Amino acid sequence: MPPVGAPMASPIPREAIAAKLAEAGYVADRDLSTALWMMDHLHRPLLIEGEAGVGKTEVAKALATVHGCELIRMQCYEGLDASSALYEWNYQRQLLAIKARENSGASVGEIEAQIFSETYLLERPLLAAIRREVSPVLLIDEVDRADEEFEAFLLELLSDFQVTIPEFGTIRARAIPRVVLTSNGTRELSDALRRRCLYHYLDFPDVDREAAIILWRQPGIDTSLALQVARMVGMLRKEDLRKVPGIAETLDWAATLAGLGVEDMRQEPEMVHDTLIAILKTHEDRARVSPETTQRLLGKVA
Amino acid sequence: MNALACIGDAPGPGPAMRKRLAGFAQTLRGASFAIGHAELQDAARILATPLAERPERLRAALKALFSSRHSDLARFDELFDAFWRGRGAKRANRITAQGLASRSPRKFEAGPGPEHRQGGLPETADAPSLDDGSAGGRGRKGGASAHESISTKDIRALGAEKDRAEALVLAERLARRMRARLTRRERARRTGRRLDLRSTIRHSVAHGGEPIELKFRRRKPKPLRLVVLLDASGSMEPYTAFFTRFVHAVSLSFRESEAFLFHTRLAHVSSALRERDPSRALDRLALMAQGVGGGTKIGECLATFNRWHARRVIHSRTCVMILSDGYDTGAPELLEAAMRDLRRRCKRIVWLNPLLGADAYEPSARGMRAALPFVDLFAPAHDIDSLAALEPYLARI
Chain A
1 MPPVGAPMAS
11 PIPREAIAAK
21 LAEAGYVADR
31 DLSTALWMMD
41 HLHRPLLIEG
51 EAGVGKTEVA
61 KALATVHGCE
71 LIRMQCYEGL
81 DASSALYEWN
91 YQRQLLAIKA
101 RENSGASVGE
111 IEAQIFSETY
121 LLERPLLAAI
131 RREVSPVLLI
141 DEVDRADEEF
151 EAFLLELLSD
161 FQVTIPEFGT
171 IRARAIPRVV
181 LTSNGTRELS
191 DALRRRCLYH
201 YLDFPDVDRE
211 AAIILWRQPG
221 IDTSLALQVA
231 RMVGMLRKED
241 LRKVPGIAET
251 LDWAATLAGL
261 GVEDMRQEPE
271 MVHDTLIAIL
281 KTHEDRARVS
291 PETTQRLLGK
301 VA
Chain B
1 MNALACIGDA
11 PGPGPAMRKR
21 LAGFAQTLRG
31 ASFAIGHAEL
41 QDAARILATP
51 LAERPERLRA
61 ALKALFSSRH
71 SDLARFDELF
81 DAFWRGRGAK
91 RANRITAQGL
101 ASRSPRKFEA
111 GPGPEHRQGG
121 LPETADAPSL
131 DDGSAGGRGR
141 KGGASAHESI
151 STKDIRALGA
161 EKDRAEALVL
171 AERLARRMRA
181 RLTRRERARR
191 TGRRLDLRST
201 IRHSVAHGGE
211 PIELKFRRRK
221 PKPLRLVVLL
231 DASGSMEPYT
241 AFFTRFVHAV
251 SLSFRESEAF
261 LFHTRLAHVS
271 SALRERDPSR
281 ALDRLALMAQ
291 GVGGGTKIGE
301 CLATFNRWHA
311 RRVIHSRTCV
321 MILSDGYDTG
331 APELLEAAMR
341 DLRRRCKRIV
351 WLNPLLGADA
361 YEPSARGMRA
371 ALPFVDLFAP
381 AHDIDSLAAL
391 EPYLARI
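Residue numbers (the working numbering), protein chains in the order written: chain A, 1 to 302; chain B, 1 to 397.
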């Protein structure tokens, strides 16, 4: 349950969310806009899973733009601990304070109370997220990279929006942050964490949506070329590749082709094949997609 | 807890609707969805919003709330339609049964019914000897001398019910001992590399600010993760019961382990093995492992493993243990490619072959020969002693 007296900014009507996201440069499907609306309504974090490159991180960025608030991003990695995610004491200042009061006759208890006060606290992303006056978007990126212990101390933050510091006490959220967690599924997350979150699985966009994304991000591009690129990438994803191309790669490729002045991909099969380096990122994949394969796929691009 | 009571006095829907919702939650729990008190209250709040006016919207909303993994999403729609719209109720029942058998049913259709017992894990599920196993593993069986006599016997020769029960207990003990060795090794390190400023300062207050007691921190050693791939094909049948028990014990005592079972297809069985009670675990396993046809497709199964599971279950301190006799009916090239791929991903590959114990055995099977260059340790596993001999090797990884 969210703490009383910690309001979240007024929720945007559900129908408006998709439109606002599109304005912010993110083309969302209906399920995602429902999930984002529920996030505000229920004050629950949203867990987004999906392959690398489907635009999970972009969701959080777009959400911050939609609400016009700050985005606090925390990249998870193995060995991430409380002192780099939550808070840390400012040791230099603490040492200085101890030295300065050495001969003042203050008791141990007094000094301790002083050096473990808010002045000596350094905030890290998670603490920062709950101490803002206006609720920010907190992005906990690739949570599967952190270890299980980290998940455990996320739980308090995600369900009660508070942080307990042993020397200091409990800090409650001033404004409830909108929390987005992303995971690539390299590790199974705990049930406890999953249960606290809303869940959304982000898949690669279908051809039309991907074409829309290309058009949005590369305003100068020809509509038919965008559609061709989207179709081509869609087919390449069905090939047995080691590293499936993400949306960022699609955008790179579209920009490359547009930059080279290609108008119809079928007219320039060699150029298409040569520029595939923008989306095929391993040696094996490069070898697998031969000029003949490119030809064959281009034949299917209407 | 009564689901209806959970919803309590949440604002919104009337009593009839709440009852329906509670019933729906029960159905989902039956299909192994993780739904707690807070989720139900939130669901009640959703019913009070405009989302509840249209079934598709309500479905999308409840789906985001109640699902917690990708495999839940696919099952949710059918369960929702069956419950709220009375459509396809029979299919939903089947889905519920699947959910019980496995949290993540992949390609395996695990329907209920006794006929599944005949495949994959014959007799193991029904063997009466397993019933006393869990208690026995905690050391109720005594007398080291008794173990001595069995531990050198070939597993196939453990015909008598009593012998086999003891062998299974030994397997459990072995798995536990392997873990104990690993944890002791971690504890032995006392000092660290980095100074822990936080606790040093904390302790310095007592000395008037002089940091006399230095506190260190050290990297927490990563526990070894064991991924076991167990061959459950026909040719392995004499050993399957024993190995299954061994794998079960490993799953319970290792902090991190994953288990897979393969014959002509690969099944992820970790969730079944996490069941404490051995007979229940084996029941679930038998359900998941059915569908044995002729032959073993090791190469194909390993390729499936590499493609769908390896990324998630293998990390920097992972040992992959393959328990198989190496009789592969697939193409040896496929096995070779799959082994090469696996080699690249993980730190150690151990291949235990029960046939290796026989004096005259040479690894001449085509598949076995193709796989050997990529194996770090190729060891016999025909008796308990040979398994025990692995222990120091695993501790060194």
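Quick caveat, the hints were computed from the structure, so don't treat them as lab data.
These numbers were taken from a predicted model, which means no experiment stands behind them.
For each residue, glycine too, the CB sits at the ideal point set by N, CA and C.
Please note: incorrect hints may appear among the correct ones.
[As the list claims (entries may be wrong)] No more than 25 Å apart at the CA atoms, straight line, and that leaves these computed lysine-lysine pairs for DSS-like:
1) K20/A to K99/A
2) K347/B to K99/A
3) K61/A to K99/A
4) K243/A to K215/B
5) K281/A to K238/A
6) K243/A to K281/A
[Said to hold, decoys possible] Partial list, computed: chain A residues near chain B (C-beta under 8 Å):
7) T34
8) E58
9) L71
10) A85
11) Y87
Status of the hints after comparison with the structure:
no.: 1; hint: K20/A to K99/A; verdict: violated, 55 Å
no.: 2; hint: K347/B to K99/A; verdict: violated, 50 Å
no.: 3; hint: K61/A to K99/A; verdict: violated, 45 Å
no.: 4; hint: K243/A to K215/B; verdict: violated, 45 Å
no.: 5; hint: K281/A to K238/A; verdict: holds, 16 Å
no.: 6; hint: K243/A to K281/A; verdict: holds, 7 Å
no.: 7; hint: T34; verdict: holds, 4 Å
no.: 8; hint: E58; verdict: violated, 18 Å
no.: 9; hint: L71; verdict: violated, 22 Å
no.: 10; hint: A85; verdict: violated, 14 Å
no.: 11; hint: Y87; verdict: violated, 11 Å
Figure legend: structure checked against the earlier numbered hints; hints not met, in rising order: 1, 2, 3, 4, 8, 9, 10, 11.
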